Amino acid sequence: MRRAVDKFLSNNKKGTFVLQLTAMVDMFTILIVFLLKSFDTSPVQVSPSQNIILPHSYSVTAPEEVLKVAISKKSILVDDKEVVILIDGKVNGKDMDLSDPKFIKPLFDALDNQAKKTEEISKHNKDHKFEGKIILQADKGLSYGILEKVFYTSSMAGYTDLKLATITYE
Amino acid sequence: MKRQRRRQLTSNDSEATFELDLAPMLALMVTLIPIMLLATSFVKVRVIGTVLPQAVQEAIQQDKEKISKTITIDLKMNKDDFLIVVKEDEKEILQKKVPPTDGKWNFEALHSALYEVKKQFPNKYTVNLYPAEAVPYSEVVQAIDAAREAKKSENAFTVYDKEKKENIKTRVMFPEVSFSGLIGG
Numbered sequence: 001m002r003r004a005v006d007k008f009l010s011n012n013k014k015g016t017f018v019l020q021l022t023a024m025v026d027m028f029t030i031l032i033v034f035l036l037k038s039f040d041t042s043p044v045q046v047s048p049s050q051n052i053i054l055p056h057s058y059s060v061t062a063p064e065e066v067l068k069v070a071i072s073k074k075s076i077l078v079d080d081k082e083v084v085i086l087i088d089g090k091v092n093g094k095d096m097d098l099s100d101p102k103f104i105k106p107l108f109d110a111l112d113n114q115a116k117k118t119e120e121i122s123k124h125n126k127d128h129k130f131e132g133k134i135i136l137q138a139d140k141g142l143s144y145g146i147l148e149k150v151f152y153t154s155s156m157a158g159y160t161d162l163k164l165a166t167i168t169y170e
Numbered sequence: 171m172k173r174q175r176r177r178q179l180t181s182n183d184s185e186a187t188f189e190l191d192l193a194p195m196l197a198l199m200v201t202l203i204p205i206m207l208l209a210t211s212f213v214k215v216r217v218i219g220t221v222l223p224q225a226v227q228e229a230i231q232q233d234k235e236k237i238s239k240t241i242t243i244d245l246k247m248n249k250d251d252f253l254i255v256v257k258e259d260e261k262e263i264l265q266k267k268v269p270p271t272d273g274k275w276n277f278e279a280l281h282s283a284l285y286e287v288k289k290q291f292p293n294k295y296t297v298n299l300y301p302a303e304a305v306p307y308s309e310v311v312q313a314i315d316a317a318r319e320a321k322k323s324e325n326a327f328t329v330y331d332k333e334k335k336e337n338i339k340t341r342v343m344f345p346e347v348s349f350s351g352l353i354g355g
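Heads up: the sequence lines are chains A and B, in that order. Residues in the first sequence are numbered from 1 upward in steps of one, following the numbering used here. Residues in the second sequence are numbered from 171 upward in steps of one, following the numbering used here.
Honestly, I wouldn't trust all of these hints.
[What the hints assert, rightly or not] Some, not all, of what chain B presents toward chain A, calculated at C-beta under 8 Å:
#, residue
1, Pro292
2, Val311
3, Asp315
4, Phe349
[What the hints assert, rightly or not] Lysine-lysine pairs mimicking DSS-like chemistry, simulated, CA-CA at most 30 Å apart:
#, chain 1, residue 1, chain 2, residue 2
5, B, Lys249, A, Lys37
6, B, Lys294, A, Lys140
7, B, Lys246, A, Lys133
8, B, Lys214, A, Lys37
9, B, Lys266, A, Lys140
10, A, Lys105, B, Lys246
11, B, Lys249, A, Lys94
12, A, Lys90, A, Lys105
13, B, Lys261, B, Lys214
14, A, Lys102, B, Lys257
15, B, Lys274, A, Lys74
16, B, Lys261, A, Lys102
17, B, Lys294, A, Lys74
18, A, Lys90, B, Lys246
19, A, Lys90, B, Lys322
20, B, Lys294, A, Lys90
21, A, Lys140, B, Lys246
22, B, Lys322, A, Lys140
23, A, Lys73, B, Lys246
24, A, Lys81, A, Lys126
The hints are simulated quantities; they were obtained by calculation from the structure and are not laboratory data. None of these values were measured; they are calculated from a predicted model. Heads up, the beta-carbon is just placed ideally off N, CA and C, and yes, glycines get one too.
Full structure from sequences and hints, please.
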């Protein structure tokens, strides 16, 4: 037995070998080219908010760097801060204005604050003007009823230029 | 002599071939690929907006400023069908109904109907959209998509470019959609 092991070890002196990497390098080169092609070069990156599935569209317009409003089935967020809690995609009665059925009070307050902030900044920096633009990220399963209320409230706060965020597959 | 030369040539040839050391290149790629996988987004977020040549923009502006004979195109999105209503000075001049197929909205038929409307009113660029409250947002977006541009297989529309003093072709149909007259999107 011992003799057999010694024989094996003596025969296996050349235990090191050259790994054939050419095929692997080829594969990685193809992968890198594919990833470079998929690389998004637009200056503004909008990533969909949590719990939101955006609708699909054929639009190719790149997003701008403006205020983001997100509507999921659970809440409405202004600049990633939760301002209204929704129950089954509907606004709670206490958040609504009794005299105006489309007016969402907390949303208006949040948007109004953002508008005031922008106007305050524009006093010191003339390049930073209030343009009333919003990128709206809304879940594709929401009904138009809730969206209409958000459109109405944001237009009341001075945000009338609304861009609807959608996804485009490559 | 000949045999000796051949032997010399053969030995030189075997020394000329060598194995390229691909290990550093592989190490670089192994580092690059995870970085790129993390940084690349396969699903891109885009916004619904307008991409128009200069002359088309001017035509839209003229359409906005036009006071006499105001033509409005309303698109009513009901539970499962569409109704296109064209009004001239608030008087209804055209009505088209797009019936559902298999109980769902027929976006192909909507596009064809809007294309026909556009052919009749080539200077109109705005559609007033009136979705019902229960209509899902994704269907609203599809309706906007159907109204935006003519297909490649369809004939383009002619717009007069004042600067170049010539007619230009565009596939843009109704890029401006306003929700129930509330906002422009």
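Going through the hints against the structure:
{"no.": "1", "hint": "Pro292", "in the structure": "violated, 22 Å"}
{"no.": "2", "hint": "Val311", "in the structure": "holds, 4 Å"}
{"no.": "3", "hint": "Asp315", "in the structure": "holds, 5 Å"}
{"no.": "4", "hint": "Phe349", "in the structure": "holds, 6 Å"}
{"no.": "5", "hint": "B/Lys249 <-> A/Lys37", "in the structure": "violated, 42 Å"}
{"no.": "6", "hint": "B/Lys294 <-> A/Lys140", "in the structure": "holds, 29 Å"}
{"no.": "7", "hint": "B/Lys246 <-> A/Lys133", "in the structure": "holds, 26 Å"}
{"no.": "8", "hint": "B/Lys214 <-> A/Lys37", "in the structure": "holds, 13 Å"}
{"no.": "9", "hint": "B/Lys266 <-> A/Lys140", "in the structure": "holds, 27 Å"}
{"no.": "10", "hint": "A/Lys105 <-> B/Lys246", "in the structure": "holds, 28 Å"}
{"no.": "11", "hint": "B/Lys249 <-> A/Lys94", "in the structure": "holds, 29 Å"}
{"no.": "12", "hint": "A/Lys90 <-> A/Lys105", "in the structure": "holds, 14 Å"}
{"no.": "13", "hint": "B/Lys261 <-> B/Lys214", "in the structure": "violated, 43 Å"}
{"no.": "14", "hint": "A/Lys102 <-> B/Lys257", "in the structure": "holds, 27 Å"}
{"no.": "15", "hint": "B/Lys274 <-> A/Lys74", "in the structure": "holds, 27 Å"}
{"no.": "16", "hint": "B/Lys261 <-> A/Lys102", "in the structure": "holds, 29 Å"}
{"no.": "17", "hint": "B/Lys294 <-> A/Lys74", "in the structure": "violated, 39 Å"}
{"no.": "18", "hint": "A/Lys90 <-> B/Lys246", "in the structure": "holds, 23 Å"}
{"no.": "19", "hint": "A/Lys90 <-> B/Lys322", "in the structure": "violated, 40 Å"}
{"no.": "20", "hint": "B/Lys294 <-> A/Lys90", "in the structure": "violated, 36 Å"}
{"no.": "21", "hint": "A/Lys140 <-> B/Lys246", "in the structure": "holds, 19 Å"}
{"no.": "22", "hint": "B/Lys322 <-> A/Lys140", "in the structure": "holds, 27 Å"}
{"no.": "23", "hint": "A/Lys73 <-> B/Lys246", "in the structure": "holds, 25 Å"}
{"no.": "24", "hint": "A/Lys81 <-> A/Lys126", "in the structure": "holds, 27 Å"}
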